[in-house]
Amino acid sequence: MNKQLLFLLVALGLFGSKLYSQSGKITVLDTVMLSDEKLEKFSTGQHVTQLSDSLLTFNNPLLTEVLNFNTPIYFKENGLGMVSSPSFRGTSASQTAVIWNGININSQFNGQIDFNTVNSGAYDQISVRGGGGSVVYGTGAIGGSIHLNNTLSFKKQQDHHLLLRYGSFNTLDARYNFKTAQNNWSLNLAISRNSSDNDYDYPNDLGKNLNGAFYNNSANVTLGYRFNAKNTLKLISELYDGERHFSLIRASENRTKYIDRSYRNLVEWNSEFSNFTQITRFAFIQEEYQYYGNIESDNFTLGNAHSYIGKYDLAYKASKDILLNAVIQNTYTEGEGSSIAENDRNIFSAAILIKHALNDKFQYEMGLRKEATDNYDSPLLYSFGANYEFSDLYTLKFNASRNFRVPTYNDLYWASSGNPDLNPETSDQTEIGSIFNIANFELGLTFFYNQVEDMIRWLPGADGVWRPGNEDKVEIYGIESYINWQKKLTEDQILSANFNYAYNVSENDKTNRQLIYVPFHKLNGNITYQINRFTPSLQFLYTGKVFTRTDHSDELSSYFLTNLGLSYAMDKQRNWQLGVKVNNLFNTEYQNVENRWMPGVNFNIYLNFKF
Amino acid sequence: MKMNKFLALGVVATSLFFGSCSSDDDFIVDSSNDNEEPTEEPENQPYEDGVFVLNEGNMAAGSVSFLNEDLSAVENSIFKTVNPDLELGGYLQSIFFDGDLAYIISNASNIITVVDRETFEYKGVVDSGLNVPYYGVAYNGKAYVSNLADFNTGEDDFIAVIDLETLEVEKTIVAGTYLDDVDEEDGLIYVQGSSFGNGNSIHVFDPATNSISYTFTTNAGLNSFEIEDDHLYVLSKTQLQVFDLNTNEEINTINFPEEITSAKNLVIEDNMIYFTVESAVYTMAENATEFPDASLFSLDEVTTLYAFDVEGDMIWTGDAKDYVSGGAVRVYSLSGDVMHEFIVGLIPNSFYFND
Numbered sequence: 030m031n032k033q034l035l036f037l038l039v040a041l042g043l044f045g046s047k048l049y050s051q052s053g054k055i056t057v058l059d060t061v062m063l064s065d066e067k068l069e070k071f072s073t074g075q076h077v078t079q080l081s082d083s084l085l086t087f088n089n090p091l092l093t094e095v096l097n098f099n100t101p102i103y104f105k106e107n108g109l110g111m112v113s114s115p116s117f118r119g120t121s122a123s124q125t126a127v128i129w130n131g132i133n134i135n136s137q138f139n140g141q142i143d144f145n146t147v148n149s150g151a152y153d154q155i156s157v158r159g160g161g162g163s164v165v166y167g168t169g170a171i172g173g174s175i176h177l178n179n180t181l182s183f184k185k186q187q188d189h190h191l192l193l194r195y196g197s198f199n200t201l202d203a204r205y206n207f208k209t210a211q212n213n214w215s216l217n218l219a220i221s222r223n224s225s226d227n228d229y230d231y232p233n234d235l236g237k238n239l240n241g242a243f244y245n246n247s248a249n250v251t252l253g254y255r256f257n258a259k260n261t262l263k264l265i266s267e268l269y270d271g272e273r274h275f276s277l278i279r280a281s282e283n284r285t286k287y288i289d290r291s292y293r294n295l296v297e298w299n300s301e302f303s304n305f306t307q308i309t310r311f312a313f314i315q316e317e318y319q320y321y322g323n324i325e326s327d328n329f330t331l332g333n334a335h336s337y338i339g340k341y342d343l344a345y346k347a348s349k350d351i352l353l354n355a356v357i358q359n360t361y362t363e364g365e366g367s368s369i370a371e372n373d374r375n376i377f378s379a380a381i382l383i384k385h386a387l388n389d390k391f392q393y394e395m396g397l398r399k400e401a402t403d404n405y406d407s408p409l410l411y412s413f414g415a416n417y418e419f420s421d422l423y424t425l426k427f428n429a430s431r432n433f434r435v436p437t438y439n440d441l442y443w444a445s446s447g448n449p450d451l452n453p454e455t456s457d458q459t460e461i462g463s464i465f466n467i468a469n470f471e472l473g474l475t476f477f478y479n480q481v482e483d484m485i486r487w488l489p490g491a492d493g494v495w496r497p498g499n500e501d502k503v504e505i506y507g508i509e510s511y512i513n514w515q516k517k518l519t520e521d522q523i524l525s526a527n528f529n530y531a532y533n534v535s536e537n538d539k540t541n542r543q544l545i546y547v548p549f550h551k552l553n554g555n556i557t558y559q560i561n562r563f564t565p566s567l568q569f570l571y572t573g574k575v576f577t578r579t580d581h582s583d584e585l586s587s588y589f590l591t592n593l594g595l596s597y598a599m600d601k602q603r604n605w606q607l608g609v610k611v612n613n614l615f616n617t618e619y620q621n622v623e624n625r626w627m628p629g630v631n632f633n634i635y636l637n638f639k640f
Numbered sequence: 061m062k063m064n065k066f067l068a069l070g071v072v073a074t075s076l077f078f079g080s081c082s083s084d085d086d087f088i089v090d091s092s093n094d095n096e097e098p099t100e101e102p103e104n105q106p107y108e109d110g111v112f113v114l115n116e117g118n119m120a121a122g123s124v125s126f127l128n129e130d131l132s133a134v135e136n137s138i139f140k141t142v143n144p145d146l147e148l149g150g151y152l153q154s155i156f157f158d159g160d161l162a163y164i165i166s167n168a169s170n171i172i173t174v175v176d177r178e179t180f181e182y183k184g185v186v187d188s189g190l191n192v193p194y195y196g197v198a199y200n201g202k203a204y205v206s207n208l209a210d211f212n213t214g215e216d217d218f219i220a221v222i223d224l225e226t227l228e229v230e231k232t233i234v235a236g237t238y239l240d241d242v243d244e245e246d247g248l249i250y251v252q253g254s255s256f257g258n259g260n261s262i263h264v265f266d267p268a269t270n271s272i273s274y275t276f277t278t279n280a281g282l283n284s285f286e287i288e289d290d291h292l293y294v295l296s297k298t299q300l301q302v303f304d305l306n307t308n309e310e311i312n313t314i315n316f317p318e319e320i321t322s323a324k325n326l327v328i329e330d331n332m333i334y335f336t337v338e339s340a341v342y343t344m345a346e347n348a349t350e351f352p353d354a355s356l357f358s359l360d361e362v363t364t365l366y367a368f369d370v371e372g373d374m375i376w377t378g379d380a381k382d383y384v385s386g387g388a389v390r391v392y393s394l395s396g397d398v399m400h401e402f403i404v405g406l407i408p409n410s411f412y413f414n415d
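Protein sequences appear in the order of chains A and B.
Residues in the first sequence are numbered consecutively from 30, following this note's numbering.
Residues in the second sequence are numbered consecutively from 61, following this note's numbering.
Straight-line Cα separation of at most 27 Å, BS3-like style, residue types lysine-lysine; simulated pairs:
1) Lys349(A) with Lys384(A)
2) Lys340(A) with Lys70(A)
3) Lys208(A) with Lys639(A)
4) Lys349(A) with Lys70(A)
5) Lys183(B) with Lys237(A)
6) Lys399(A) with Lys384(A)
7) Lys184(A) with Lys346(A)
8) Lys237(A) with Lys140(B)
9) Lys140(B) with Lys574(A)
Simulated from the structure, these hints should not be mistaken for lab results.
Could you put together the complete structure from these sequences and hints?
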């Protein structure tokens, strides 16, 4: 690690001196109400990427594709639209937290979110934060966190947004969003549907993707009422219903399907008095799945969990520069499944946070969290972050934290093999980030180090029964970087580009080998060139090779994908757009899981209206 | 002919590869074997003498490894080498033989691939009428294959009767219990009526009537059986039972001591009974009436015991390790010394001695 640090210091020094004395650029954000206000207030020393509307509409709506092309996160996708799990900064599938309007929604059963069961059309804002976040967001925020947000604005408005996309394999993507606000009421409604026959041909005449059809529908209502300038009540309600047939490798296999349903509700009362802001929240989250091992039979296995969450958040602005914040939360969960007897668990947590801006250039924050539950031994979690803006050109960031992932229902309660004595996985991590701004150019460079202990893994015991244990220790380090650049060439020509590159080393402590399904390298980017009413765009993705065996005896090759798009604005305000897109332009053969070939070249057209 | 040339090329390429990295050349294929005169019987077929290791693999693929006769070398993925454009399927469960042919069962892909047992050349496939096939046996031109169907219930498990000429499933018989291992003795098919330790019966299936003619009721937790000299030996987690096949009477019962709760892997070899309890190997005489005082030895080198067999004076083990790395085959002497060790494919689950 010393070499790594040395390299880091040298790199910082070089960039620091080279980029000195040029002028910067300020990004202006819209002011909207966000339930996940912690993301803005308590991300000191970390990097948050917000995916723009244009990026969200350029890709198919499943979260896997959106994030795969626009963030450094790697996905192990079991065929297009099938089960998909992330590896964020070299961590495992359950070490990325998904936060829905401030509430952690990782599955109670396996601790993960299947990223192909999230339709990005249901949200107004999707943000990604790299690095630890358990103090604020709880379990699983180790590699990073994904934030799915619905916003609310009381500015008088009445806006409709409709996106209709149709493409190869009978794939439909329809999203409708309606926002209105009047007097003290505000409504934000989002409905989306995505469906596909998903019966693409495999490359090299290897056959066809059989039994891969899927659909999902989601509906989201956000309703707000403002009593007065200091009191607001908000309700967010979301329904997701999806069914996927799991694609086959060979035609003779049994055909299976999987049904996911989730129901998420949040009531939030936001109130301000003197220097205090208090937010009281109640949430009800339900997740449900059914797996049909053979679609010709009515037999299925299932899982069903409900969580009731109460949360009280009190912030105190001690002075212009100091913000103190205390959050207490109680989560009560009931769950059962085909192999899990009905079990409930209660987790109480308390966190305190402080943020201090010492001057215009230097700010830092600290946080502590502790949980109380009889389910597992809860470690004390902490975070510390600092930003120092040396000049308009250069900002240095630092963050260190201790994070965790708690044992899941499967780990604890699986019939005759659950292990009630499991400890949470813990992660101690630190990162140093640099942001360079020169005119229209922004470069971010983050070096991170993460040590994960007590990783939970299922292994067969001497009696042949599989049981989970706190087995592995993993050492992770790497680089996360991005470049954003935009240039207005003439009055009606704008060229913009963004790139992400990630390097991840993620080694098992015992074998000193890279974890399976974690690529060393990942690179992606988008280049768009707006010429008058036409906007051609290019999107690319490079995923390095991944090992599929822990002894590195087998691997999947790296691949490079290119997508090409062209949109045309039918009116001057760009409210009516027509677009076409070619995915996998060069018909690259690739797979993310052994024998799970992904589609070759395919097409779609779309209409994007705002009125 | 085109295909033959292609196969020959594959075999030659492989032999070159293995030749260049192995100190022992005994097992290398003589490329002249794959000549274009099929009438001429070659002297030495590549897989005529030796041991097949079936590697269960994953959903994507399983494989077969071959150990040569003097156990000096291993060749992995032999099917892929001989038949580069074909696949055996996912989760390979078992192999059964009939004359010159070997039948390789893939439970995830519902296929049984037929190969020549000496060359491993593809001969055909059964690819319909199966539903999670597990074990099979050939008798009188037919194969009898147990199928698990839905894993969550034993009610739909069935025996598929396959015509070995047409490779078509011609009849299926629902047994009413979980099914597993299959064996043939004196023209009757014996089918284990338990799976993953659920079940307590052995069915006797009569090919003459295509029906179950008798069912032995055994101790609960049944996990393996063997037939030797008109005797049916049945092992459950806590008991060994012996039935006389002439009278169907239970003639011997050995209740294991209280601390023995997970006996499995029954093998009978040279009039001795072998089985494992966790990582310990136990042995006793075929006619023993008492549980042995002590284990034979402990398989300390094995992380995850997944395959167990005894052949002559050698005890064979397959180590699945962490299930996501190449497995290990270790051959022990009867006194517990590791005589040979090979790295094979993913999750080695059984051995077949070709001689």
